[in-house]
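Produce the entire structure from the sequences given, and follow the hints as far as they go.
Using full-length UniProt numbering, you'd call the opening residue of the sequence shown number 1 and step up by one each time.
Keep in mind that the hints were calculated from the coordinates and are not lab data.
Only a predicted model underlies this, so the values are computations on that prediction, with no experimental measurement involved.
Among the clues, some could well be false.
For each label pair, taking beta carbons as the anchor points, the in silico distance ranges come out as [claimed, not checked]:
(1) Y331 to I286: 19 to 25 Å
(2) L20 to K177: 32 to 38 Å
(3) T245 to I102: 31 to 37 Å
(4) E167 to S130: 55 to 61 Å
(5) R206 to E346: 40 to 46 Å
(6) I377 to S133: 35 to 41 Å
(7) R206 to A110: 22 to 28 Å
(8) C90 to G267: 26 to 32 Å
(9) S260 to H109: 44 to 50 Å
Positions of the beta carbon are idealized from the N, C-alpha and C atoms, including for glycine.
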Amino acid sequence: MRNRSASMSNTSRVLRTIWLNDGISRIEIAEKLMLDKSTITNITASLQEKNIVTETETGEAGPHGGRKPIKLKILENYSAVMGIEVQPECCNVVCVNLAGEILLSKQFHADITAYSFPDVFSEILSDMESQLSILNIPLAGIGLGMSGIINPDKGIIYKSIPLGVTEEYAVLDDLEKRTNIPIFIDNDGNCCCWGEILFNKSQDLRDFLFTMVEFREHNSAKAAYGGLAVGMGIVIDGKVHHGKTFTAGEFRSVFAGVESCGQFSFGKENEFRVKKDPELFNRFSIELSRNIALIANTFALSECFLGGDLHGYEDVFTEVLKTELDKNWAYPGDSVCEIRFSSLEEKAVAYGAASMIIDRLFKVPGPEVKDPELSII
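In structure tokens form, the structure reads like this:
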């Protein structure tokens, strides 16, 4: 059993290394993982037989000549994953291959609560699986991104005001009755983090903050909960941080007093005006930027990603945030935190939910886990 476990672990390590380093050679894998070349040869041969890994172009020979190394890559269409962003008015859905390329994208409109979502989910699953079957690509897993306090380990929503959850609801228990495909769930802000990790995997992002802003209209299904919503996702040492109570990223400005019922000092009654009133938008930008700067500089984050409805305000918000980062920086010179806007724009949550599944597919089991909970092998 121990030999099998070690073999599975080595296979997972090799597979993840190929996934993270597209076009890597067997020799380079052996050097990175400190495994002998024969072990790498046997593992990659097995992965090729299963059509998970394929050979690509030949690299350059070393300085002393010899055989040119053959580069390896994941066969991107070996399987696909689905990401679903769940909102009160619609579900945004993407299907993504193992290279992170979007194969399918669709929006499903419905009046949705967490309790009615399972029926909508069945419709989505039927529709997207039929389209994937035409492409002859099997579905390996499904990720869900929802607003609220969510326990991704147990598949439980503790609270979600927009989706009507006021007491603990084990949503995955209901969804898993409808399919044998593995399903996982996370908060929408955290999903945005998963998306940036995958989309920028060659950059090996380690420590960053993702801030998602939503400006709501009076006729929106979420209007009853205010005209403005800000949520955050936090990545520390390459891992999405949930916190013991799964409330990491739940935002409220340090300037919002006890008398304010909104997230900001200007109060809930002014939230609908932020987008339309330049003076109020400037106040909002400064206040949010000061909160971001405190977090980013205190934790020495390398990037601050901005997404949601801040797209379209890139220039003005970047200038304000840069100013506040530098003002808050404790040392001579400027803050080292880079300001970046979401790579996926309106697909950020759905793509991130899919990315969460891809990361799990290529997960290396730890010493306390015999096999990963979801594996491509």
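Hints violated by the structure (listed by number, smallest first):
4, 5, 6, 7, 9
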